[in-house]
Structures are given as C-alpha cells and as structure tokens.
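2 protein chains.
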Amino acid sequence: MQIIFYLCQILDPPEKYSYTFIMKKLLILAVLLQLSLASFAQQALGRGQNMISPEVNPDNSVTFRLNAPKAEKVQITGDFLTSQTPSDLTKGDDGVWEFKTPAPLKPELYSYSFLVDGLKSTDPNNVYLIRDVATVTNVFLVGGGRADLYKVNDVAHGTVSRRWYSSPTLKMTRRMTIYTPAGYEADNKRYPVLYLLHGMGGDEEAWISLGRATQIMDNLVAQGKAKPMIVVMPNGNASQEAAPGESALGLYKPTSQLPKTMEGSIEESFPDVVNFIDSNYRTVKAKSGRAIAGLSMGGFHAYHISKQYPDMFDYVGLFSAAIMSERENQSPVYQDSEAKLKTQFAKNPKLYWIAIGKTDFLYKGNEDYRKLLDAKGYKYTYYESEEGHLWKNWRIYLSEFAPLLFN
Amino acid sequence: MQIIFYLCQILDPPEKYSYTFIMKKLLILAVLLQLSLASFAQQALGRGQNMISPEVNPDNSVTFRLNAPKAEKVQITGDFLTSQTPSDLTKGDDGVWEFKTPAPLKPELYSYSFLVDGLKSTDPNNVYLIRDVATVTNVFLVGGGRADLYKVNDVAHGTVSRRWYSSPTLKMTRRMTIYTPAGYEADNKRYPVLYLLHGMGGDEEAWISLGRATQIMDNLVAQGKAKPMIVVMPNGNASQEAAPGESALGLYKPTSQLPKTMEGSIEESFPDVVNFIDSNYRTVKAKSGRAIAGLSMGGFHAYHISKQYPDMFDYVGLFSAAIMSERENQSPVYQDSEAKLKTQFAKNPKLYWIAIGKTDFLYKGNEDYRKLLDAKGYKYTYYESEEGHLWKNWRIYLSEFAPLLFN
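Protein sequences, first through last, are from chains A and B.
Residue numbering for the first sequence follows our numbering, starting at 1425 and increasing by one per position.
Residue numbering for the second sequence follows our numbering, starting at 1425 and increasing by one per position.
Source of the hints: derived by calculation from the structure; they are not laboratory data.
Since we're looking at a predicted model, the values are computed, not measured.
Yeah, the Cβ is synthetic: ideal placement off N, Cα and C, and Gly gets one too.
Heads up, a few of these hints could be off.
As the list claims (entries may be wrong) - Computed cross-link-like contacts, DMTMM-like style, restricted to lysine to aspartate or glutamate with a CA-CA straight-line distance of at most 25 Å:
| # | chain 1 | residue 1 | chain 2 | residue 2 |
| --- | --- | --- | --- | --- |
| 1 | B | Lys1494 | A | Asp1518 |
| 2 | A | Lys1677 | B | Asp1503 |
| 3 | B | Lys1677 | A | Glu1687 |
| 4 | B | Lys1782 | B | Asp1760 |
| 5 | B | Lys1709 | A | Glu1609 |
| 6 | A | Lys1494 | B | Glu1522 |
| 7 | A | Lys1494 | B | Asp1518 |
| 8 | B | Lys1613 | A | Asp1702 |
| 9 | A | Lys1649 | A | Glu1810 |
| 10 | A | Lys1709 | B | Asp1541 |
| 11 | B | Lys1649 | B | Asp1578 |
| 12 | A | Lys1764 | A | Glu1687 |
| 13 | B | Lys1709 | A | Glu1810 |
| 14 | A | Lys1613 | B | Asp1518 |
| 15 | A | Lys1494 | B | Asp1578 |
What the hints assert, rightly or not - Computed far set for chain B versus chain A, every beta-carbon distance over 10 Å:
| # | residue |
| --- | --- |
| 16 | Lys1524 |
| 17 | Ala1527 |
| 18 | Gly1569 |
| 19 | Arg1586 |
| 20 | Glu1609 |
| 21 | Pro1695 |
| 22 | Asn1699 |
| 23 | Gln1759 |
| 24 | Glu1791 |
To be verified - Where chain A lies over chain B, by a calculated footprint (3+ residues, C-beta under 8 Å):
| # | region |
| --- | --- |
| 25 | 1672 to 1681 |
| 26 | 1703 to 1711 |
When you get a sec, could you build the whole thing from the sequences and use the hints?
This is how it looks when you write it as structure tokens:
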C-alpha cells in the first residue's frame, strides 16, 4: 500500500517535483520494495503461493486450493468432512487443485491437511497451524453461532502469560499459561480462578491453542455471560517442565506416551500450583473463588484433585473425563475414593458438572460414575453433547461451564 | 511408558493378582491406549511418520528424512545450505528419502522446507515451525557457541506476556509482547526497559519467535552478561491492532505490504507505549533506564524515535537499519533530522550502536549515515558482521547489544 502510494507520487508528479526529487523517490521505492521482500526471499525460502486457501465463501461453503502441477492426486482430510474418507481435489488447467465443500459448513474451528500423492502436507497458503501432540495441522474458522466465541472479536482482551513456578513437591521449576481478564491490571479487585487441565499428550499450550480459551473467556466476559476470572492452565505431565521445545530438552519429537501422568504426582503436587497463584495474583483465596476442570486425563485429574482437597474447589468440571475406578495401587491419592467423595459432597460443592459426548469411548465409564453419584444421592449437573472425544466438544464444554462459575 | 508398565504387570502377574484384578487392569490398559491415541486419531488427521527428522548427529551434521514413496523428486531448501540451489534427497528401498549434510553445521537456529515434486512442504516429523510474514517453515537448532544462547537452558526463566494497551494517539487498542526477567515478580526492584522493534512484515511475535529474544535474555542474564531488564516488543505497523490472526480481522493471509509503517504514525505514538509500560511495570522511569533498538524498518523507527524524543532513551541500537534520509514530506517526525540529531547527541546518549552485515542491501545507506555521524563528531559504536539482511544477524546483534545496556 505504501509502495503503491509512492508509485503514484512518482508516476503523476505535481510540477513542483524536480528531477532530483523524483530520483530520490525512486531510490526510496527500491529500498522499500527490498525491505518488504527481504525476509521472504532470504528467510522464508520461497514465496509460497499467491492464492487464498482456504476461502470461506459468503454462504459458509469453503474452497481449498493448492498449486501442485506435478501431483497425480491431491486429497484433503479434515474434521469438516462428513466421512472419514479423504475428498479428492480437482486439477485445473493451470495446475491448481481445488475442492469446494458440497454444502455450507456449520460454524466451528476446523482443522485439515492435504494429501499430495499420499503425503500429508500443510497448506502453504494458510499460516494458521495448531500442534496437537506430535502433529501440526492447518486450521480455519467458520463464524456464527457458538463459533463466534472462538473468534477474536472487537472486545476488551485479557493478558496471556507464560510463566514459570516452583513446585516443591515435584522438585521442579515448571511452566504454566495464565490468562488474566481485561481490567485485571487496572483495578485492585480480587478475582476467582479457574484451573483448566489438558488431556494426555497435551501440555500448558493445549487449552490456549486448540481450546481457544483466551477467545472464549474474552467473549463470554464481554457479553456479560461469565464473571471475569483468572484461568490457570498448568502442565499436567509430572515428568515435564514445560511443553515440547520450551524446556532444556530441546526441540525433541513430542509423544503422548509420557511417564508420570496418571499415577498421583500431579494430584499430590497440585497445592503447589494453587499456592503459587494465590501468592502471585489478586485471587479470592477461598473455596468459593476456585474452580477446577479438565478434559479426558485432565478430567481424571480434576476428579481426584477435587476429592483429595475437598476444601479447595467449589466448582468442578469433568469434560469427557477418564474416570477409572481402579487406581488404588498407584498412589494414596487414589485410595479410599468412596470415603473421599462422601466428604467432598458432604461439603456441598456449588457445582459438580459432568459433560461427555454420546459417542465418546469413555461414555460407559462416565455413565457408571453417574450411577454411583445417583445411588449416593450426590448432586451434579450433566451435559451431554453429540459426537465423541474431540476438541470441538471441549470448547463447547468450556463455553457452557464458565458461565456457571462464581455466581 | 505407563502403558508398558501396565503391560508388564499383566503379562507377568504376581500370584496375588486374581483373574478379576487382571481383567480390570486390561480394561484400564485399553482406556489408556485409547486416551493416548484419541487426539491423534480424531483430531490430528493421521499419525504423521514414525521417524526422526531432522536428526542432529553427534558431529553436528544433520540428517533429514521424509517418507514419500510416490514422489519422483524430493529436495530440501534452507538457510543451512551453502548454495541457493536446493539439495536432492535420496530415495531408499522403503520409500524414505534422506539427505545428510556433507559437513557438520555451525551452531545456529536454521530453517528449511522440503520440495516434493516441486511443492514446498513442511516436514511432518518436525513440529517446530516459525512464521515469517506469510510463510511458515520448519526450524532446528544446532547448539554450541553463540547458538547456546538461543536454546532453552536449565536457567531461571522470565515471563512472556501478550498484553493489550490503549494508544490514545493511534486511537486503537493494540497488542504487545512483554518479557519480564526471572525474579521480577518476586522482588520490589525497578527494572530498566529495552524497547525492541521488528522489521517490515513483522509484528509483536517476530522477536519472540524468529528472534529467540526470551532465550537470549534468559541466558545472558543467567550468565551475568546482561542486566535483568524488561523487554517490550510492540507492533510496529500503525494500521494493525495485533499480529495476523490475533485481531478481529480474523485468520487472514498476512502480507508485508502494510499501510502506515514508515510515515510517522509509529514514531508519533511511541510515547503511548512508554507511558503504558512506565504506568504498569516497576520500571526505571528515566532516560538512563531506557533502550530502544530495532531491525530493518524497526531500526528506521528506532533512529527517528530516539532523535524525536532525545530525553527518552540513553541507549539506541540500529540493527540493519533502513536509514533513509529523505522522508521530510511525510510527517513532522521526519523533518529537521540534522537539528534533531544535534540535540540528541548534545545530550550524550550512553550508547549509540550501529550494526550491519557486509552484504546487506542497506550497507551503503548505513555507511553514508556513519559518514554523517563521523563528520559531525557524534559518538557511536559500530559492529559489522558477515552476511546480510537476516534473522541470523539480528539474533547476533541482540546478543551483542543487550550486554552493553544499563551498566
């Protein structure tokens, strides 16, 4: 834009512009052109492709494009497809392959990859990528409905910090992600805290990237649907100091098969996290000002942590939780579950919220757990969604759970 | 690991384990297996490839691998290659292509892409990617020497925050990245501040990702080579609220051709940034506690800002700066440069540091500028490196410049 402005000045100069002046302008133009291309040419190793992909059309159908003239077959795979089978792109005369969804897509954050002659490839025209454990995929967002909560909107934004804390129990310095709501820094109020836990293979980056936690909280607070709150996203793998690439282990290949994930360490060390937050932020230092929720393995952690420390959390959220009754041999945390649950529910938590999708492979375990709660007369709220063990559902659960907190 | 532990328990059960106990264990094993695979299978759209790439060998040669049995030609391009021509990978009998660098690589953070039958592709085995304007490339790090500053080491870590501030001058709410050094939150000291500016096409994410600013500062401070300082990385495009994808503009395709980058707005509004930081952090609120540095366009900004506000910064760093004398028609900021420089240098800045690479396309402009400074007798320090307009150089310049500050 600036360059075009210059070009116009040069091509249509008012009379007052001298020859020298125009030559100087041309020199500046040359420098500006080089500046804007320099990082591309020297660092980015190729200009990518000058096209838009994916393109969300006005009717919410989506068109994907890939310039691959030498490819024999290009397919696309992604969670927007109605079947598990990849869809074929069609090659145009110019070597550009294209695929348009046969119908408009529902509002959602979607992920996809191309398969170029069978090789999984990212879309060179889409810089938006999210890592899930050891795989990186492109994402796009179809707005509208609930998915507007996942967008960055023109509202007041909270602060997101990556911060290290000391865990005396684990004898480690560890990294966490902390969201403080808009206004936190400008006032002197105390804020309640939601502790939000990831699943197996995840880390302190999972909720902020795949979970769109920043956007969901910013938007819910701006709409007056959720109370402003601090959201703390710790790392739930007791063997890890930090997410892959963020610790002294270097740029290693991530795995979901980590030691010390569901054997008691995270639960035993959780007061270290709460103490750190209560010591470093203006929190409501009381059960009434604390919520804990987690997805999958994080739901397992939230389940055990909340009953292990029955005076710590007034709000509990189990999102597609990996409820497994038989862990007694692993850690004191897993012993005497029924007695601990009795104590926890005798103290009347304000909300005990269980959510799961109809086709989740953990459905049966959750159903059995609800039967146990029913049999004991322990009060809980149940939210059942479509589909299974998916980030789509965990974003829905967060956006349903957060408005219920701290009222 | 945990799953293997379970498997061993099941396959070699002590006598005390009953049939029921073993069956329960098997059930838990099945759940754990599903948990650890669930996100892969349902979200990540394919398992990627079960191999290591890139592999940094013990002698610092590097091996790249790609499983692409149907490809006819696989090449690699990257800033580790000695020539601009891509190198060919060799196909193995198993369909895995491989390339090993002919010699050990010097310590550095490198970027690369594959070209699969001409199509630029990311490495599916490497989750470490950095965006540069509109292009995303894989990165890897060969440690040793100065590059050890770019690694996450086992040292105390600062906090990195993405935070929004209000700019009354630009009438916008804008996003910045702020590094506070280890210990900042735990003490009551005041800290000096380095304002660190990006180049054309960059944004508030550039220094923290491509620039490895967190790692460089953590490591320099831990080694006692730099004073603990706050590092503020604002967005230098006056038309942008935030980096691509982080504003209400949505997930659009980034461009380096932005309006309002070098026409005075950033310089005029810079006191908004400094006021925000001085109001929200425990800073040394004095010229002696402030440094400003920038690369390329950010060097241009640092040049103009430091002379426009001659009482604001005692330390100035121009990294491959886009020094262009003739900007007088654009903004009052660019007028009377010589008079402003005279005022600035009459106030004896503690450090005026100019760095550029021998082959940088801006070398001549910087040489001319140094001649001007020499002619006027204005004191500056000059640092000349090999090569050109590259992030490699900007990381070097930061690691050379930061130790000179606030002594």
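Results of checking the hints against the structure:
For a cut-off of 25 Å, the pair hint linking B/Lys1494 to A/Asp1518 stands: about 22 Å separates their Cα positions. For the hint linking A/Lys1677 to B/Asp1503, the alpha-carbon distance of about 22 Å falls within 25 Å, and the restraint holds. As the CA atoms of B/Lys1677 and A/Glu1687 are separated by approximately 44 Å, the hinted pair breaks the 25 Å bound. Restraint check for B/Lys1782 and B/Asp1760: the C-alpha separation of about 30 Å exceeds 25 Å, so the hint is violated.
Simply put, B/Lys1709 and A/Glu1609 have alpha-carbon atoms about 19 Å apart, close enough for the 25 Å limit, and the pair holds. Restraint check for A/Lys1494 and B/Glu1522: the C-alpha separation of about 21 Å stays at or below 25 Å, so the hint holds. For the hint linking A/Lys1494 to B/Asp1518, the alpha-carbon distance of about 22 Å falls within 25 Å, and the restraint holds. At roughly 21 Å between alpha-carbon atoms, B/Lys1613 and A/Asp1702 fall within 25 Å of each other, so this suggested pair holds.
Under the criterion of a C-alpha separation no larger than 25 Å, the hint pairing A/Lys1649 with A/Glu1810 is consistent with the structure, at around 23 Å. For the hint linking A/Lys1709 to B/Asp1541, the alpha-carbon distance of about 60 Å lies beyond 25 Å, and the restraint is violated. Restraint check: the Cα-Cα separation between B/Lys1649 and B/Asp1578 comes to about 16 Å, which is no more than 25 Å; the hinted pair holds. Pair hint A/Lys1764 plus A/Glu1687 holds up; C-alpha atoms about 17 Å apart against a cutoff of 25 Å.
Only pairs whose Cα atoms come within 25 Å are accepted, and B/Lys1709 paired with A/Glu1810 is rejected, the gap being roughly 56 Å. Taking the CA atoms of A/Lys1613 and B/Asp1518, the gap is near 63 Å; set against the 25 Å cutoff, the hint is violated. This hinted pair does not check out: A/Lys1494 and B/Asp1578 have alpha carbons roughly 47 Å apart, beyond 25 Å. Listed as outside the interface, B/Lys1524 is consistent with that label: its C-beta sits roughly 18 Å from the nearest C-beta of chain A, beyond the 10 Å cut-off.
Listed as outside the interface, B/Ala1527 is consistent with that label: its C-beta sits roughly 20 Å from the nearest C-beta of chain A, beyond the 10 Å cut-off. Distance check on B/Gly1569: its Cβ is at least 16 Å (rounded) from any Cβ of chain A, clearing the 10 Å threshold; non-interface status holds. Residue-level check failed: B/Arg1586 sits 5 Å from the nearest beta carbon of chain A, not beyond 10 Å. Non-interface status of B/Glu1609 relative to chain A is broken: a Cβ of that chain comes within 10 Å, the nearest being about 6 Å off.
Distance check for B/Pro1695 against chain A: the nearest CB is about 19 Å away, which clears 10 Å, and the non-interface claim stands. No beta-carbon of chain A comes within 10 Å of the beta-carbon of B/Asn1699; the shortest separation is about 14 Å. Residue-level check passed: B/Gln1759 sits 16 Å from the nearest beta carbon of chain A, beyond 10 Å. For B/Glu1791, the condition that its CB be more than 10 Å from all CB atoms of chain A holds, with the nearest at approximately 14 Å.
With 7 residues carrying a beta carbon less than 8 Å from a beta carbon of chain A, the region 1672 to 1681 of chain B meets the three-residue requirement, and the given coverage holds. Check on the region 1703 to 1711 of chain B: 1 of its residues sit with their Cβ under 8 Å from a Cβ of chain A, so the three-residue criterion for coverage is violated.
Violated hints, in rising order: 3, 4, 10, 13, 14, 15, 19, 20 and 26; the structure is consistent with all others.
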